[in-house]
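Visitor: Residue-level listing of the chains:
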Amino acid sequence: MKLKQLESLLGDLEQFSNPKVELEQYPTGPHIASRILFTAHNSFGDVNGKVVADFGCGCGTLGAAAALMGAEQVIAVDIDSDSLKIASHNAEDLELDINFLQCDVKNLGWRGHIVDTIVMNPPFGTRQKGADMEFLHMALKISSQAVYSLHKTSTRDHVKRAALRDFGAINAEVLCELRYNIPQMYSFHKKREMDIAVDLWRFVPKVIEDMQ
Amino acid sequence: MRLLTHNMLSSKIKGVSNGFPLRIEVEKVIEKQVELNPDFLKNIFPKVDWKALVEAGRTMGFAELPEEADLLMLDSSEFLSKFHHALLELHLEEGALVCPETGRKFPVNKGIPNMLLHEDEV
Numbered sequence: 001m002k003l004k005q006l007e008s009l010l011g012d013l014e015q016f017s018n019p020k021v022e023l024e025q026y027p028t029g030p031h032i033a034s035r036i037l038f039t040a041h042n043s044f045g046d047v048n049g050k051v052v053a054d055f056g057c058g059c060g061t062l063g064a065a066a067a068l069m070g071a072e073q074v075i076a077v078d079i080d081s082d083s084l085k086i087a088s089h090n091a092e093d094l095e096l097d098i099n100f101l102q103c104d105v106k107n108l109g110w111r112g113h114i115v116d117t118i119v120m121n122p123p124f125g126t127r128q129k130g131a132d133m134e135f136l137h138m139a140l141k142i143s144s145q146a147v148y149s150l151h152k153t154s155t156r157d158h159v160k161r162a163a164l165r166d167f168g169a170i171n172a173e174v175l176c177e178l179r180y181n182i183p184q185m186y187s188f189h190k191k192r193e194m195d196i197a198v199d200l201w202r203f204v205p206k207v208i209e210d211m212q
Numbered sequence: 001m002r003l004l005t006h007n008m009l010s011s012k013i014k015g016v017s018n019g020f021p022l023r024i025e026v027e028k029v030i031e032k033q034v035e036l037n038p039d040f041l042k043n044i045f046p047k048v049d050w051k052a053l054v055e056a057g058r059t060m061g062f063a064e065l066p067e068e069a070d071l072l073m074l075d076s077s078e079f080l081s082k083f084h085h086a087l088l089e090l091h092l093e094e095g096a097l098v099c100p101e102t103g104r105k106f107p108v109n110k111g112i113p114n115m116l117l118h119e120d121e122v
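So the protein sequences, as listed, match chains L and P.
Under the UniProt record's numbering, the first sequence has 122 at position 122, and the numbering climbs by one with no breaks.
Under the UniProt record's numbering, the second sequence has 108 at position 108, and the numbering climbs by one with no breaks.
Isolated chain P (complex conformation) (with noise of 0.2 Å):
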């Protein structure tokens, strides 16, 4: 699971309000090289929610990201290549990712994360 599946996903477990973002439980990570697209990452940017990617990189081991962003460190090649890097290049591998309000942890094997909800989560 890439960092850019993480930053859209939330939990919708009933009765919970905000489930954004889950929490990521490391048991693997791995890393896979693809190539940049500046054009991409710049289109993207502002669809991201910033201070979950920062958060999730760190968990996943890579705490190079700045706190803040904005779109002039977009001109910057140094902060695209770290900002694709955390995005596109990291995946969970192995592990969880956990609600923010319940706890409630939905496994990641294999790269896939299993968002399904038991019958009485609905």
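Bound-form chain L, shown alone (with noise of 0.2 Å):
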């Protein structure tokens, strides 16, 4: 699949009907999420193939690009249920075989190392303080290959020693700096839109061979 095709068939997918401030739901637009799968696919053959996990997966426009670039499976998993119904109305107009899970990702109970790669757009730790490491670190537990993931610019030095030190991370690299667009959304908005720094990580977690 071609860049993009896959972006316009992300273009097409519904969106946030009523958003929820408090777990900071903003749309990956298709523009970022074509490239994190495109990225994940061509340079390091993380998703062809492969089981992949959508953490937090909100619409699901993460989990539907990591499909429609061959991943094998895709497990996509969202606390809330008015969220996890706009995905699965996604996956079937895109004729995507997803599988949902609810759940809240930081009380995750995972065996074993199944999913090979993850990824996500976590909130940002903006409302609620801490969430975005909270993501990272049960990501990093569970897959077995990589973890593709957004955080803000202005939090690297704190991503990369977190991920390292505190959760085992063998590599932490910043593929690339985008511009993430936040439109009006929540009544606290100012703007109208604004842009703001997003860094594109890629993890490498360390696989701990219990099979528990």
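These are computed hints drawn from the structure, not numbers from a lab.
All the given hints hold, so there is nothing to weed out.
Label pairs and their computed distance ranges (CB to CB): (1) L:Arg161 <-> P:Val122: 23 to 29 Å; (2) P:Pro66 <-> L:Phe44: 34 to 40 Å; (3) L:Leu164 <-> P:Val122: 26 to 32 Å; (4) L:Leu175 <-> P:Glu67: 42 to 48 Å; (5) L:Ser43 <-> P:Glu35: 25 to 31 Å; (6) L:Ser8 <-> P:Lys14: 42 to 48 Å.
Each residue gets a CB set at the ideal place from its N, CA and C atoms; glycine is no exception.
Can you join these two chains into the complex? Each is in its own frame, and there are hints to help.
Guide: Laid out in structure tokens, this is it:
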């Protein structure tokens, strides 16, 4: 699949109708989502034939992108049933076969290392401090191959330190800096829209061979 | 919910020491055919908890998996197709997953397990 084609398919997806600010629900735009999965597939071989999980899937854009790029199985996890409804409609519209799971990512009970790759656009931890790090911590525990995640550029040093020192990642690399467009969605947004600088990270987890 | 998902989910209720595997309560099972990919099955086999898969398959009405399995069996296409069917084609559409220690039920509706914990379970 070509990048343009991927981006255009993702552009047709339905987005949040009543976004919930406490969950920091912001859509992952088709531009960013297509580039994340394209890079993961083309530069690192982390998608095709793999089990890919999308943590905090929201409307399911990253999970759908993973399926379109040839993931063998996609597992999309979200705490919010309204999001899961939209995400499953979106999967149906694109005729994609995606496994959904309702759970708070920080309370996930998980065995083994069946999931190869995790792609996520976690809450940035602006409303609920530390939410981004809880997602990253869990992702690095569960995946066996790679974690792709977006974090605010202003937190770069902190993210790197936490991943390598506290969460046992063996590699943490910023692949590129992106402009994340935040439309005026919530009443506390004063501007019509604004761009924030966001890093696309690739982390490599340390896999501890416990089969339990 | 596929048995692939079941094979990695465990109960994380406060105080539970071994929440795996979750028991399955069946209301409705559906089957959806998907293409068999031998390489994928060979890669994932060592990561699967075989006993849990056999038991879950049986609960869902598919009792054809052998009790024990090893890497050599992956050369048999008959074995691969059974493994494929159990892991990827059986879906729990309606029912529940049950914590093996506390008996707490996690509902499965329209194929989506709800693993949300109550406040006092965290």
